[in-house]
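Chemist: Protein chains in written order, with UniProt numbering: chain A, 1 to 303; chain G, 1 to 280; chain P, 1 to 340.
Hints in this document: simulated from the structure, not taken from any laboratory.
In this text, all values refer to a predicted model and were calculated from it rather than measured experimentally.
There's no promise every hint is true.
Below 25 Å or equal to it, Euclidean Cα-Cα: the simulated PhoX-like pairs (lysine-lysine) are [to be verified]: (1) P:K205 <-> P:K179; (2) P:K299 <-> P:K281; (3) P:K68 <-> G:K101; (4) G:K265 <-> A:K117.
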Amino acid sequence: MTSVLTDTPRPAAQSPSELRETRDRRRALALLTPGLLWMFFFMVLPMCMVVYVSFWTQTTFSVNSTLTTASWERFMSSPTYLGAIWTTLRIWAIVLLATLVVGYPVALFIGLFVRNKTLQTALLVACVIPFWTSFLIRVIAWRPMLGTEGAINTILMNLGIIHEPLTFLLFSEFSVLVGMTQIYCVFMVGPITFMLGRIDASVIEAARDLGASFGTIFRRIILPLSLPGVMVGGIFVSVMVLGEFATAASLSGRKVNLLGNIIVSQVGSLKWAFAAVAGVVLTLIITAVIALALRIVDLRKEM
Amino acid sequence: MQSRILRPTLALYTVLFLLFLYGPMIVLAILSFQSPDGGPQFPIRDWSIYWYQHLLGLADTSRVSQLPVGDSLLRSIVLAFMTTVVSTVLGVMSAEAFRTKFKGSGPAFYLIILGMMVPGVLVGLGMALLSNTLGIGRAWWSTSFVLHVVYTYPFAFLVMLAIFNRFDRTVEEASLSLGVSPAQTFRRVTFPIIFPGVLSAMLFSFTLSYDEFARTLFTAGRELTLPLAIYGTFSVEIYPNIFAFGVLTTLFSFTLLVIYGLLMKRFTARATRFQGQEEA
Amino acid sequence: MLTLSRVSRRYGGTVALDGVDFVVPENTYMSLLGASGSGKTTLLRLISGFEEPDAGEIAIDGERIDGKAPHLRDIGFVFQNFALFPHLTVAQNVAFGLRYSAVSPVRDEAEIAGRTQDALQLVGLDGFGHRSVSAISGGQRQRVALARTLVTEPRIVLLDEPLGALDANLRARMCDELKAIRERLGVSFLHVTGSETEALTMGDKVAVLANGRIVQSDTPDVLFSSPRNAEAARHLNAWNIFDAGLCGAASEAVRLAVRFDQIDVAPQGQVPSDRPHLSAKYLTGEFNGPTALAFFRSKDGTLMQVVDHLSCPRLPALVEGQSYDLHFAFDAARQFQEAV
């Protein structure tokens, strides 16, 4: 013991540069600490709580902290809950694809074909403005649009295209998909437009001069350069869709039950442990999706 | 070449896309002028502003109960304001910290960013469980408030990070070399220069918090915020008063946007006020 | 008097400054000449306190200043990009240090206005006070930066390539003005530059920074005519430096330096007796107006330059690709022992 102590040389007096570095680092840490503490206490800790409570014992109207896997077993053996996982994944995949398919051409037009900066900004602003309306109002706005006496049915009937109102439009999976696509599309258009806007026009012109067709240019230049935008947009959309419950609650007429809806209804009936199990499952899904995406893009570089 | 066909096609597509974005809102705005006996759908029986009066409590008693907007609106604004102040301060501090290189900056970055990634329903659930366990009462100004900051602080942080990336450090050094202390340098030089960014961060935080409800749902306790009041009407039948409310709250958001625009304009005008005199 | 002793600074594995010993006397215009990447900006940042040295001492009038916060050092700094405060007017920029100084703030508005006015007058910007700094030209910005620094009466003013951002005409004029202003105030200037002409014109003394050390610090004429080592000579851009072995002289690693204007050219074999000489191939010439440069390549590949003044031409007609003998007076050559 003594030998260890004597062998370790006392650290030499720090040089001014080391002192300055230490001070700068301490200052940075001091500035950062409140934010990190906030995140720890109000985000990390609650999330740990979800995992913890998922192993608590659920009685009819309360939970107690006796650890058990009963809630997990019930969750895993219930077709309703397992169905919710499947529904969540299905809706997520379809909405992700739909926002990409619907949004990409718009991003292509704004980012690449509009070279006038003012018009470009104006179009982007036009895409963002609906975001400024309350999210819940935007969801509910689909009801008068899709309902049996809604705008679309009225128009189609008046045009004589249909004679009976289409009933699958509202209170179905379809209305949830349409609503989500409209609401989350902007998050796909934005990042892709940003990436496409950075492409040097002369690169494309050069390729064109060399006789490349638009298809080739798209495949070889535009698509690869826009991929980081697609990934960032994909992360945004995924995170938001996976955590959704309001759109389904409002537009599906209880026909679509996402994991988010399960959590809300379980909390409503004070089944905290079941809600926590659903929460952990949802966390695992989202973590997997984000981890997969982050393997492909470095978010810190793209932001 | 192909772009002769491609360009107009894409332009037309973009127009259709905008229609897709705006369509429901337009329909909603039209239906908000439905007559008192009309439902939340077509046809419009008669144009009226009845549902606006109903919303503001000016209409006679009716079969439809009034939306509980008054108190909840006030709560939402106060909550959004509190959130804005705290998350902007935290965002500026953290972004300032990230200007120094330090070990562990990567994990710290992702920990902050996680706040905007974690679904509201999850942290909301966690917070509710936590406060239950600790025996803390849930309220919009406590448990909801801290979650709102968890959500908006990463946005404020990212905005400020982008601002500091473009910030010329030498003006701060110039101030120090003139004998001005670091604190005064921040107040007199750094802050005025980054102010437009701070304003954007505040705008972000305010709108996100004002509109947030997933994080509020399990944590607000008895007193509802505005989005919760709206959400409450989801499960029951809807009436055009909610459409009228949608129109008004949209107008409110735009007012906010215009104020922001004017502030920005005024700020940038100050920097260029004398530009015209160059040739004097 | 500013004194640096054994000041070192490393960035990771690269050494920027390696034991710099350097003195800037009172009331002196000191030029610091160094190639880009020689650590000259680092040196200024260490003196001003934006960075700290790994080792060594920095002192003003015997008082240690390393380790002190930059705003307590009382050292002026003029930045290459001027670093004006974009949100303030010219006058507010100049008054900034007076108003918000941590140590000795001026509270009296009239005094601030008066001293600001005087400083603007000093740099020739009378009547520009109300302008925005984005509404003035590059040269004017330079003056604002200078006035802003001088008004606080620092103990020494550091100028980091202050003329680098200006065009050639403006640069010449600012040179004169900088000198005049400094003489009027009696404060020491430490002017860092990569241009040997700028350094020689401006400085009462010129120091050369190379390989992280001050290799020589002397008056411009002494430095120019007798550089003490190959590094100093190389920075003056007026000396041919080559191995003594080329002239068949000393066999050890001695390097010779001969100024461009002290080398003569003769056809091969026609060198006047007892003058050292070396053979080199003529590459090309370059016409510069009053002077012309001739480039030669010696046998070991060293590039040799010979300058010819048009008023008294002394070079024979030269043919590209042909070899000539370059010769010089014995005492025109300086010998450097060090192996580089």
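Chemist: Does the structure break any of the earlier hints, and which numbers would those be?
Modeler: none
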